[in-house]
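Each protein sequence line maps, in turn, to chains B and H. Numbering-wise, full-length UniProt numbering puts 67 at position 67 of the first sequence, and it's gapless, one number per residue. Numbering-wise, full-length UniProt numbering puts 314 at position 314 of the second sequence, and it's gapless, one number per residue.
No false leads were mixed into what you were given.
In this list, chains with the same sequence are indistinguishable; a pair is considered to hold if it fits within one copy or across any two.
The list that follows gives simulated cross-link-like pairs (lysine-lysine, BS3-like), each with its CA atoms no further than 30 Å apart:
| hint | residue 1 | residue 2 |
| --- | --- | --- |
| 1 | K49 | K147 |
| 2 | K147 | K44 |
| 3 | K300 | K269 |
| 4 | K49 | K161 |
To be clear, the hints were calculated from the coordinates, so they are not data collected in a lab.
Number of protein chains: 2
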Amino acid sequence: MTSKATSIDIAYRAGVSQSTVSRALRNSPLVNLETRQRIQAIAKEMNYKVDKNASNLRTQNSLTLALLICEDPTNDDSMINPFFLSMLGSITRATARQGYDLLVSFQQLSSDWHADYEDSNKADGIILLGYGDYVDYAHKLETLIEKNTHFVIWGAEHNNKAVLSIGCDNHQGGYIATEHLLSLGHKKIAFLGDSSSHSPEFRDRYLGHVEALNKADIQADEQLQHDAFNTEASGYEAANALLDSSVPFEAIFTASDLIAIGAIRALKKRGVLVPEHIAVVGYDDIPVASFANPALTTVKQDTQFAGEILVESVLKQIRGEEVSQQLLKTSLVVRNSCGANID
Amino acid sequence: MTSKATSIDIAYRAGVSQSTVSRALRNSPLVNLETRQRIQAIAKEMNYKVDKNASNLRTQNSLTLALLICEDPTNDDSMINPFFLSMLGSITRATARQGYDLLVSFQQLSSDWHADYEDSNKADGIILLGYGDYVDYAHKLETLIEKNTHFVIWGAEHNNKAVLSIGCDNHQGGYIATEHLLSLGHKKIAFLGDSSSHSPEFRDRYLGHVEALNKADIQADEQLQHDAFNTEASGYEAANALLDSSVPFEAIFTASDLIAIGAIRALKKRGVLVPEHIAVVGYDDIPVASFANPALTTVKQDTQFAGEILVESVLKQIRGEEVSQQLLKTSLVVRNSCGANID
DNA sequence: CTGAAAGCGCTTACAG
DNA sequence: CTGAAAGCGCTTACAG
Numbered sequence: 001m002t003s004k005a006t007s008i009d010i011a012y013r014a015g016v017s018q019s020t021v022s023r024a025l026r027n028s029p030l031v032n033l034e035t036r037q038r039i040q041a042i043a044k045e046m047n048y049k050v051d052k053n054a055s056n057l058r059t060q061n062s063l064t065l066a067l068l069i070c071e072d073p074t075n076d077d078s079m080i081n082p083f084f085l086s087m088l089g090s091i092t093r094a095t096a097r098q099g100y101d102l103l104v105s106f107q108q109l110s111s112d113w114h115a116d117y118e119d120s121n122k123a124d125g126i127i128l129l130g131y132g133d134y135v136d137y138a139h140k141l142e143t144l145i146e147k148n149t150h151f152v153i154w155g156a157e158h159n160n161k162a163v164l165s166i167g168c169d170n171h172q173g174g175y176i177a178t179e180h181l182l183s184l185g186h187k188k189i190a191f192l193g194d195s196s197s198h199s200p201e202f203r204d205r206y207l208g209h210v211e212a213l214n215k216a217d218i219q220a221d222e223q224l225q226h227d228a229f230n231t232e233a234s235g236y237e238a239a240n241a242l243l244d245s246s247v248p249f250e251a252i253f254t255a256s257d258l259i260a261i262g263a264i265r266a267l268k269k270r271g272v273l274v275p276e277h278i279a280v281v282g283y284d285d286i287p288v289a290s291f292a293n294p295a296l297t298t299v300k301q302d303t304q305f306a307g308e309i310l311v312e313s314v315l316k317q318i319r320g321e322e323v324s325q326q327l328l329k330t331s332l333v334v335r336n337s338c339g340a341n342i343d
Numbered sequence: 001m002t003s004k005a006t007s008i009d010i011a012y013r014a015g016v017s018q019s020t021v022s023r024a025l026r027n028s029p030l031v032n033l034e035t036r037q038r039i040q041a042i043a044k045e046m047n048y049k050v051d052k053n054a055s056n057l058r059t060q061n062s063l064t065l066a067l068l069i070c071e072d073p074t075n076d077d078s079m080i081n082p083f084f085l086s087m088l089g090s091i092t093r094a095t096a097r098q099g100y101d102l103l104v105s106f107q108q109l110s111s112d113w114h115a116d117y118e119d120s121n122k123a124d125g126i127i128l129l130g131y132g133d134y135v136d137y138a139h140k141l142e143t144l145i146e147k148n149t150h151f152v153i154w155g156a157e158h159n160n161k162a163v164l165s166i167g168c169d170n171h172q173g174g175y176i177a178t179e180h181l182l183s184l185g186h187k188k189i190a191f192l193g194d195s196s197s198h199s200p201e202f203r204d205r206y207l208g209h210v211e212a213l214n215k216a217d218i219q220a221d222e223q224l225q226h227d228a229f230n231t232e233a234s235g236y237e238a239a240n241a242l243l244d245s246s247v248p249f250e251a252i253f254t255a256s257d258l259i260a261i262g263a264i265r266a267l268k269k270r271g272v273l274v275p276e277h278i279a280v281v282g283y284d285d286i287p288v289a290s291f292a293n294p295a296l297t298t299v300k301q302d303t304q305f306a307g308e309i310l311v312e313s314v315l316k317q318i319r320g321e322e323v324s325q326q327l328l329k330t331s332l333v334v335r336n337s338c339g340a341n342i343d
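Using the sequences and the hints given, assemble the complete structure.
Structure (structure tokens):
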């Protein structure tokens, strides 16, 4: 294998200086159009590609974004939150569209993401996904801010205004889900999902749920709220706890689709029909939601758009432009589990 | 924000030369142990990180792997093959464990991956996922080989021995699925999935299916094979075509779980019960499989292990070590859709 | 064990 | 419009 072509090789072939080659390849108007085209043609013919390390070193940027997916480490990869996986798709595409590369990593044991990515010049900015637990992770965020890291975090609004967060309006999502259930005539609506400050997103969904209830002059019954984190198994358990409590209920709103699927399994096992006996509404609209049985009515977060906004926001931040926290609207996808349509 | 520390800053603080700092940070035994530790301590204290672009430029490698997920472009990210997503998880972890970074990208329009990744020094090697269609893509693979690219491709064995492919033994997978169905007393077993050479993986599954049939002295009935590609909708259509054909059958083996889920939906819609009337076995064991209703009996590919092997293989190739094609064993996960367990 | 120096392949002020 | 030259921040042969 003959060794890689450099700009000097191109220069030699084109009979110009290396500087001119460099300019021509960046399509600089300083270079005579004809010369420019000739050089570009030669470069293409020789399969020449600018050495990324050299150009990055010189310009002191990397044209790369790092995506950090923060989840509790498990041995089982199938446990990765399917919602993040959808985001990954749109983030990857949006990054490519902007001419950047994407470095992907799962939660790092590392204590210092800033050093790992920006100081090493591996990435110009960081996108944090699933960084939900502001209590446990507050310290890490502090470090990022302190070092002036360019980063966006997906999730609930952060009380520190220096943190650029982008997320769906979880409060609104919880509100429309419960509003829908109320419109179907249900009054005793259970909520399955952690409502503590360790899960700010779930908590906001819960708060929206409560607000919808209140607006209909219904008191939220805390006996109808059961903690669950974002897995099918946890939803299964929470539904069982709810059933065991013998507190009557007509509908369940879950903080995620995974919880909903687990809850439905628990209900079925006890002979409770969904939606005939109990209506269920989930949250996320992960791909599985439409294949579930019954197909899940759920609150959809527009991952396509979210990915674009996330990427655009870090890039703006990198360019020193003004950026601000954003809350994206959610929408309700009505399928069968709520009983609005019986197929 | 004070500008980034360089090795020269560390050298100044430590009272040694920059070369010594560089050696100390790479933990070279050439440097006096005490000095080495002192320098490392200072570097840590100053949050110093070696500039990746500079070191890569100097050493002419990138310590980065590129993962290319090749799928037909869709606007809907949810369509990304869930199987690849599981692989992504294990590949990411395996890469990190080896001290490499991972660049992720979806199918490129680009004509020359070699130039895009290796010539630009962005990555030392490439992992190709979902590069199933050897007919349409043969040309691209030729280019990669011609340029001596370091790459592995996930999938069926390739007839060009220069292509390093790693994949599950699809033939064996198809065999055990059908063998299981036969052991449950079924004889008329339909196959849903493309069996042409455009889908070498599906085709091998089909061939394994046929072999199991033959071993039981059953002729494969081509009227029981219907093409389907890897989506729920396609499975739905294929099952409808099968039902419309009025050719009797007792069981269905599908080339993927997504196809199985679509097929089950079609069956249900016509009042056909699974597994009471028709037994179904899928392929992949994607996360959804266990949540499906009924829970899918399916052929499991060990994505955890596969990811590790894939990463290890490119790295070996990069280091110039001997590597060879590998076929990983699959295993059958018996759940409810086959009728072996009725819950 | 340590230092001075070359050089990886670019980009970009500076001079013409 | 073009070229000669400096320099980005490292690593590593070379010399001591």
